[in-house]
Amino acid sequence: MPELPEVENLAQGLAAQVLGLTIEDVLCHFPAVVAPDPVCFAEAVRGRRFENLRRHGKYLFFLLSGDVALALHLRMTGQLLLVPRVQRVDKHTHLELFLANREMKIVFRDVRKFGRLKLLEGRVEEFIKEKKLGPDALGISALQLHRALRKTGRCIKAALLDQTVVAGLGNIYTDEILFREQISPLKQACSLDSERTASLLRTVQKVLRSAIRRKGTTISDYVDSRGEKGSFQNELMVYGRKGQPCSRCGTPIVKTRVAGRGTYFCPSCQCQ
DNA sequence: ACTATCCCCTGACGGC
DNA sequence: TGCCGTCAGGGGATAG
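Residue numbering for the first sequence follows the working numbering, beginning at -5 and increasing consecutively.
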């Protein structure tokens, strides 16, 4: 379940590994994984060099030579790996990008086939605008967040998961942030005043930066481009801890469903 | 316009 | 031992 820290960690690793390298050829095993289609995709990227990487929320953008840009979204189980060119691929590998002048290739694996690598028609900024993505969670200001929260009738968990409000938060980090901030996931988003919102945002950024330092959270599938797992799963205080005592007060952690997602919280510490 | 729900897809897991 | 239902959660599509 890659969220902002996992995508950031992947981006940092890839930047060191692939910038300056050229895509020699493309092999697609599952057509739906690329957009608009494998033929257009291959024609557009063949011979292009990786010039820059950029992340916004859970999206990773590859800026290639010739003003070509790609948008990657890992969704739940997607992985982008740099592996030896001769390595055999398994049934979950949907795309191979062979690199020129190197014995390596980039492969895209995704057990659940939800992830996508899209050739952009325009610039990255236009893509972000089309998707109506909000400011990145590490760049949003307290004022921006407060304005967005004020005008919704939804609960805080639903609002934080909404990528048009703030981009980058997913189910795991949202639960962890609300626990640390002692806010009920069911609290009305519009009921947070500007000071409470500022405090929430400090916790959002603290948790995300901490998770980046820990190289992400690996519960099942997440690995970086070298296949390395993260370790923030060892820092989780509520997610996946149903029935276990709250680290703050000892009350058993409760699991419910909020905004269509499994939601873990302490009913005692997060009662409002 | 805003919000809630369904759906995609596979693997893991629990009950019987 | 195997079959079946449920769950996992990104975001797009669709319904209300």
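No wet-lab data here; the hints were simulated from the structure. Among these hints, one or two may not hold up.
[To be verified] The calculated label-pair distances, taken between Cβ atoms and stated as ranges, are: (1) ASN95 - LYS200: 23 to 33 Å; (2) LEU21 - ARG242: 45 to 55 Å; (3) PRO239 - SER59: 49 to 59 Å; (4) GLY60 - GLY237: 49 to 59 Å; (5) GLY41 - CYS184: 22 to 32 Å.
[Unchecked claim] Using 25 Å as the maximum straight-line C-alpha spacing, the simulated SDA-like pairs for lysine to any residue come out as follows: (6) LYS107 - SER204; (7) LYS123 - ARG79; (8) LYS145 - GLU115; (9) LYS123 - ALA29; (10) LYS249 - SER178; (11) LYS223 - SER204; (12) LYS125 - LEU113; (13) LYS112 - ARG79; (14) LYS123 - ALA152; (15) LYS107 - ARG69; (16) LYS125 - CYS149; (17) LYS200 - PHE108.
Every residue gets a Cβ at the ideal spot worked out from N, C-alpha and C, and that includes glycine.
Here's how the hints hold up against the structure:
no.: 1; hint: ASN95 - LYS200: 23 to 33 Å; in the structure: violated, 42 Å
no.: 2; hint: LEU21 - ARG242: 45 to 55 Å; in the structure: holds, 51 Å
no.: 3; hint: PRO239 - SER59: 49 to 59 Å; in the structure: holds, 55 Å
no.: 4; hint: GLY60 - GLY237: 49 to 59 Å; in the structure: holds, 55 Å
no.: 5; hint: GLY41 - CYS184: 22 to 32 Å; in the structure: violated, 51 Å
no.: 6; hint: LYS107 - SER204; in the structure: violated, 29 Å
no.: 7; hint: LYS123 - ARG79; in the structure: violated, 36 Å
no.: 8; hint: LYS145 - GLU115; in the structure: violated, 32 Å
no.: 9; hint: LYS123 - ALA29; in the structure: holds, 18 Å
no.: 10; hint: LYS249 - SER178; in the structure: holds, 12 Å
no.: 11; hint: LYS223 - SER204; in the structure: holds, 15 Å
no.: 12; hint: LYS125 - LEU113; in the structure: holds, 15 Å
no.: 13; hint: LYS112 - ARG79; in the structure: holds, 23 Å
no.: 14; hint: LYS123 - ALA152; in the structure: holds, 21 Å
no.: 15; hint: LYS107 - ARG69; in the structure: holds, 9 Å
no.: 16; hint: LYS125 - CYS149; in the structure: holds, 22 Å
no.: 17; hint: LYS200 - PHE108; in the structure: violated, 29 Å
Violation of the numbered hints given earlier is confined to hints 1, 5, 6, 7, 8 and 17; the remaining hints are satisfied by the structure.
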